[in-house]
Amino acid sequence: MQDVLNQVGINNYIFLSVLLFCIGVFGVLYRRNAIIVLMSIEIMLNAVNLLFVAFSTYHEDAQGQVFVFFSMAVAAAEVAVGLAILVSIFRNIGSIDVSNLKKLRG
Amino acid sequence: MDLSIILLLLLAPLGGFLINTFLGKQLGKGASGAIGTLAIVISFVCTLLLFLGLEPGADTKADLFHWLTFQNFSVDFSFQFDQLSLLWLLFVTGIGSLIHLYSISYMHHDKDFYKFFSYLNLFVFFMIVLVSGSNLPILFIGWEGVGLCSYLLIGFWYSNQAYNDAAKKAFIMNRVGDLGLLIGIFILATVAGTLDYQGLETFFQTKGSLVDSTWLAVAALCLFIGACGKSAQLPLYTWLPDAMAGPTPVSALIHAATMVTAGIFMVTRLHFLFDLVPAIQNVIAVVGVSTALFAATIGLAQNDIKKVLAYSTVSQLGLMFLALGVGAYEVAVFHVITHAFFKACLFLGAGSVIHANSDEQDMRKMGGLRKVMPITFITMLISSLAIAGIFPLSGFWSKDEILLEAFHYSIPFWAVASLASILTAFYMFRLMFLTFFGEFRGTEHAKSHLHESPALMTIPLVILATLAAVGGLISIPGSSWLMHFLEPLLHTDGAPEHHALDQTAYILMAVASVGALVGIFIAYRKYISNKEVPGEDSEVTGFTKVLAEKYYVDELYDSVFVKPINLLARFFRDVVETALGSLVYGFGKAAAEISNQGRKVHNGSIGLYLFVFVIGFCLIVSYLFLAQ
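Protein chains in written order, with the UniProt record's numbering: chain A, 1 to 106; chain B, 1 to 628.
Because the hints were derived from the structure by calculation, they are not lab data. Please note that the accuracy of each hint is not assured.
Unchecked claim - Cross-link-like lysine-lysine pairs, in silico, DSBU-like; alpha carbons within 30 Å at most: (1) B:Lys600 with A:Lys102; (2) B:Lys600 with B:Lys589; (3) B:Lys61 with A:Lys103; (4) B:Lys371 with A:Lys102; (5) B:Lys563 with B:Lys589; (6) B:Lys526 with B:Lys111; (7) B:Lys447 with B:Lys365; (8) B:Lys600 with A:Lys103; (9) B:Lys589 with B:Lys365; (10) B:Lys111 with B:Lys25; (11) B:Lys111 with B:Lys207.
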């Protein structure tokens with residue numbers, strides 16, 4: 001793995017990760033479909049995971065990789081819960097457009 | 001001391017109060033009055049038992065429980081039934097029983113009958129606490145309690161605003177005195193480290209000379225201010241005449257016989273303190289003798305039958321304070337007792353007259369009642385002769401001893417006190433002649449209603465008149481039972497001239513008797529021979545008007561204290577409260593406005609929330625970078 005990292009360079013990993021994170025942020029901010037918002041959140045999460053793994057290899061320390069395993073497991077659970085909430089919202093108001101979800105207005 | 005008798009003595013009036021308060025309405029008038037009276041009679045019987053069982057030198061204290069402890073200072077909830085307490089208890093519960101009996105008939109038409117008896121029982125309870133407590137804090141409980149009951153009973157007919165004002169006046173005026181009493185108690189606690197009477201006495205007898213005498217004088221003066229408030233002395237006396245707004249039995253019990261003597265009781269109790277500060281004793285004597293003369297002159301020109309008696313009470317209390325001031329405590333106690341007899345009788349007689357006269361209290365509308373109300377007339381005549389100091393009625397003995405003591409102390413005091421007692425004789429017989437002699441001056445309607453009062457009212461009158469006649473026998477000069485009885489407490493052996501019956505004493509007695517007869521004679525000439533009747537209020541002129549208007553003392557107090565305080569109150573209400581209030585309201589309004597605007601940001605759009613969240617996060621991160 002050290003070889004692959006050396007060939008590509010740690011900088012490129014960081015750039016890719018930042019790019020993915022920004023795509024995720026803009027996806028959350030500009031898309032109104034709740035499923036796409038959820039997907040964007042996943043992209044952000046994975047951008048961070050990528051960074052974790054890259055630095056783990058760079059520092060030759062397995063801790064980061066172990067951490068990513070946990071983070072992926074939690075993310076899977078989170079998606080399951082998020083989708084379940086979306087299903088129930090859809091059943092109730094017949095739409096998953098986030099701009100329609102204004103019932104918690106102060 | 002038998003604890004069960006003591007508890008019964010204390011708790012019977014309290015029980016009567018509770019029963020009448022909570023069940024009085026259901027019980028009906030007969031049962032309510034009977035329970036109220038019975039409670040006091042039980043206390044009287046208990047007092048008699050204690051009195052008969054009293055042995056010289058025996059322990060008179062009864063500890064109930066431990067009350068307060070602050071470091072090395074403690075107060076017990078305990079009572080003390082010695083000679084002084086028992087004397088007071090005897091006439092408080094004895095006269096109290098008679099007045100309760102009288103009230104059953106007097107208050108019969110009142111719709112708040114049961115309330116009257118519950119207040120009266122509560123009063124007697126607090127009075128018992130006051131006189132039988134064995135330390136100053138317990139005295140203070142009783143002191144405040146009787147003040148409360150006095151307030152409740154003066155304002156008993158609460159639908160009349162003037163009566164409510166009189167009640168408030170009595171309460172507030174007493175607060176002034178009570179503050180003095182409290183400060184006095186605090187100083188004593190600081191100086192002596194105890195408030196128990198026996199502890200204080202031991203302290204002052206052994207270490208009294210070591211204490212800074214300024215502090216003792218201040219303490220004694222403060223305590224005396226308290227006594228002035230309760231016992232209606234100059235300058236705090238103006239509440240007592242107004243207190244006549246209450247029902248007449250209340251005036252007889254509280255504002256003549258018992259509560260107003262609390263100040264004299266307290267000074268007598270603490271005689272060991274006052275003995276150490278002659279300067280304050282002088283102050284007491286001066287205040288007493290000036291009150292005696294001052295109130296007696298006002299009494300000359302009053303036309304309300306109860307007001308005359310009220311000023312007479314103030315004047316007699318002044319004489320008692322004169323006796324206290326000259327150090328003759330047992331003489332003051334003697335006059336308290338005889339005064340309780342004849343003044344209670346006079347007030348109850350006045351009540352009987354008012355009752356017969358369709359609630360008319362103005363003596364100008366009375367007259368000739370002698371034939372209609374013979375029993376009331378004779379009992380009141382005996383009491384008037386007693387208060388005027390005619391031999392051999394009770395007032396003669398007690399007043400004469402006060403004059404004798406004053407004479408030995410200082411002749412000017414004797415002269416002023418003698419003048420006051422001549423005036424007393426005059427205004428009392430002015431009252432008698434205007435009320436009972438001549439022709440009836442009221443309306444025809446009132447005339448047709450005139451009647452002698454029922455037996456329930458005349459029996460107490462007869463008993464009290466008998467006591468007023470023979471009450472002086474307890475302390476005849478030469479062989480005084482009272483002096484002997486009080487000796488263990490007051491150590492009267494140090495003043496042998498009390499017992500001496502020398503030529504001076506006989507001359508003074510003769511002078512006093514002649515003075516009283518002169519007073520009666522002047523009243524006779526004026527109101528019987530010349531058939532004068534005091535004019536209408538508007539016709540009165542000159543010095544008589546000043547007297548009728550009570551030297552304008554009320555007006556003076558009104559402009560010196562009441563009006564400035566009202567002005568200050570209005571200033572605080574209109575300026576200070578408005579300013580502070582708008583400041584506080586301003587904060588409230590500003591907070592409401594800010595949150596109202598902030599509410600609009602929470603519009604429920606998740607997109608906006610997220611956007612703000614991301615922007616905010618970015619700002620925080622960039623700030624952290626820049627801050628490094």
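We went through each hint and held it up to the structure:
no.	hint	verdict
1	B:Lys600 with A:Lys102	13 Å, holds
2	B:Lys600 with B:Lys589	17 Å, holds
3	B:Lys61 with A:Lys103	78 Å, violated
4	B:Lys371 with A:Lys102	98 Å, violated
5	B:Lys563 with B:Lys589	37 Å, violated
6	B:Lys526 with B:Lys111	42 Å, violated
7	B:Lys447 with B:Lys365	10 Å, holds
8	B:Lys600 with A:Lys103	14 Å, holds
9	B:Lys589 with B:Lys365	65 Å, violated
10	B:Lys111 with B:Lys25	10 Å, holds
11	B:Lys111 with B:Lys207	57 Å, violated
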